[in-house]
Amino acid sequence: MIENHIPFEKLSDFCDDEVIVQEERKELLEHMQKCHFCKSEFHQLQSMISYCSDLRKTFICAEDFVKKTMAAIKWRHRRRTLLTHVPVAAASVVLIGGVALFASIINAPAGHDTGSFAIMPPSPLPLNTAASDTENVVGILSANSASIFKVSDLFIEGEIAAERFAKLRRELGFRKVFYRVGSRPKQQGAAANPYLEEVGSVSGSGEQFSLPARQGEYVHFRIFK
Amino acid sequence: MLPIDDIEVVDKVLSGDTEAFSLIVERYRNMTFRYVYSRFNNYDEAMDITQDIFIMSLEALKSFRRESKFSTWFYSIMVNYCKNYRKKSKRYNVVPISGGKDDDEYELQIPDDRAGPEENVITNDSLRIVKDEIYRLPDDYKEVLVLRDIEGLSYNDISEMVGINLSNVKVRIHRGRELLKNRLSERGLI
Chain R
1 MIENHIPFEK LSDFCDDEVI VQEERKELLE HMQKCHFCKS EFHQLQSMIS YCSDLRKTFI
61 CAEDFVKKTM AAIKWRHRRR TLLTHVPVAA ASVVLIGGVA LFASIINAPA GHDTGSFAIM
121 PPSPLPLNTA ASDTENVVGI LSANSASIFK VSDLFIEGEI AAERFAKLRR ELGFRKVFYR
181 VGSRPKQQGA AANPYLEEVG SVSGSGEQFS LPARQGEYVH FRIFK
Chain V
1 MLPIDDIEVV DKVLSGDTEA FSLIVERYRN MTFRYVYSRF NNYDEAMDIT QDIFIMSLEA
61 LKSFRRESKF STWFYSIMVN YCKNYRKKSK RYNVVPISGG KDDDEYELQI PDDRAGPEEN
121 VITNDSLRIV KDEIYRLPDD YKEVLVLRDI EGLSYNDISE MVGINLSNVK VRIHRGRELL
181 KNRLSERGLI
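Note that the protein sequences, when read in sequence, are chains R and V.
Heads up: the first sequence begins at 1 in my numbering, then just goes up one per residue.
Heads up: the second sequence begins at 1 in my numbering, then just goes up one per residue.
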């Protein structure tokens, strides 16, 4: 009886042709001729490897696998394209819609109903945005041949012929105006009338304002900032 | 006409011809399926995972640096995918739709060049036992054993694919073989 059997690792190497040294190969073969245990181990190992090798021939993927996989690849590709482009397209639509809406608001005529948005009607004044509001009001007053008596931090006081006041009032737009109708024009440089009352004051947009004007009458006004 | 090699196919795919990837799928499908099936032992699950591996490798194709063979690169993706899938399925307790390992319906394809139907049945049963015993091996042994004894890959390729050194590959193969041999012997197959 042979006491020293071939280690399994060596048998395994032998099966894989990993025992390179010729003499060692010869020794192993000679040992297996004498030792039935090692010979049996070696044959079992070879048989097992042979079965494994047979599995290679018998484990076969489905025939339509390539077709299905390529279809899955195409589907994924389409989905990814869609996922990439849809948000961009949606963002573009929102942007274009927003711009269009903004443009329609800007270009809408005064009083035009733009739906659910609370849109402020554009000012009838050709405002110079660079100029201050006081300069704008002074410009409007000059254009309407109004006399200016006083310019303070709170208001501009002056006088205008009654028949021109309605037009002036409309051009002043949203500004709050106190006025009083009188028969004689106030002299320029005179003290501001401390008793000017809120008679007929208007603080709306002024678009609908009208004053039944009488010849020779004057309107004394204060335009508040 | 000479068959187009893997690198040429890769070039075609990278230049936009996705359809050319079907050549890769055709070439590697059986090997991939065998490896996956040996690890999960469920036909439907193995088919799905095999498909996912191809899809993933197509998506990762740009990262193929051509420093190794395409097959080695592809197999390393396969090995890693299976490892990650196993971890994920453990974490989320994934249950395959077709059931557990005992009710897998996959029928082994026995080539016609063998002897009569009786011998086919015997061979079929023997191979099923081998397949089941391989599946029962620890993952570390099973992984390298399948690549070596079923796929016939070299130790070096296995080392590169699995990401372990050569001596570890050998040790795992020897131990896996010893374990499998003993189990098959116990079942009277060898």
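Please note that the accuracy of each hint is not assured.
Stated by the list, open to error - Straight-line alpha carbon distances no greater than 25 Å define the calculated DSS-like cross-link-like pairs of lysine-lysine that follow:
| id | chain 1 | residue 1 | chain 2 | residue 2 |
| --- | --- | --- | --- | --- |
| 1 | R | K68 | V | K170 |
| 2 | R | K74 | V | K170 |
| 3 | V | K12 | R | K57 |
| 4 | R | K167 | R | K225 |
| 5 | R | K150 | R | K167 |
| 6 | V | K12 | R | K34 |
| 7 | R | K150 | R | K74 |
| 8 | R | K67 | V | K170 |
| 9 | R | K150 | R | K39 |
| 10 | R | K39 | R | K26 |
| 11 | V | K69 | R | K26 |
I should point out that these hints are in silico values taken from the structure, not numbers from a laboratory.
Verification of the supplied hints:
Proximity of K68/R to K170/V is assessed by CA-CA distance (about 37 Å); at most 25 Å being required, the pair is judged violated. For the proposed pair K74/R and K170/V, the alpha carbon gap of about 41 Å is over 25 Å, so the pair is violated. Taking the CA atoms of K12/V and K57/R, the gap is about 30 Å. The hint is violated against a cut of 25 Å. Annotation: proposed proximity of K167/R to K225/R holds, straight-line Cα distance about 19 Å (limit 25 Å).
Between the alpha carbons of K150/R and K167/R the distance comes to roughly 21 Å, so the proposed pair stays at or under 25 Å and holds. Simply put, K12/V and K34/R have alpha-carbon atoms about 59 Å apart, too far for the 25 Å limit, and the pair is violated. With a C-alpha separation of about 81 Å, the suggested pairing of K150/R with K74/R is violated against the 25 Å cut-off. Restraint check for K67/R and K170/V: the C-alpha separation of about 38 Å exceeds 25 Å, so the hint is violated.
Pair hint K150/R plus K39/R does not hold up; C-alpha atoms about 126 Å apart against a cutoff of 25 Å. Under the criterion of a C-alpha separation no larger than 25 Å, the hint pairing K39/R with K26/R is consistent with the structure, at around 14 Å. Straight-line distance between C-alpha atoms of K69/V and K26/R comes to about 36 Å, which puts the hinted pair past the 25 Å bound.
In terms of the numbered hints stated before, the structure departs from hints 1, 2, 3, 6, 7, 8, 9, 11, listed from lowest to highest.
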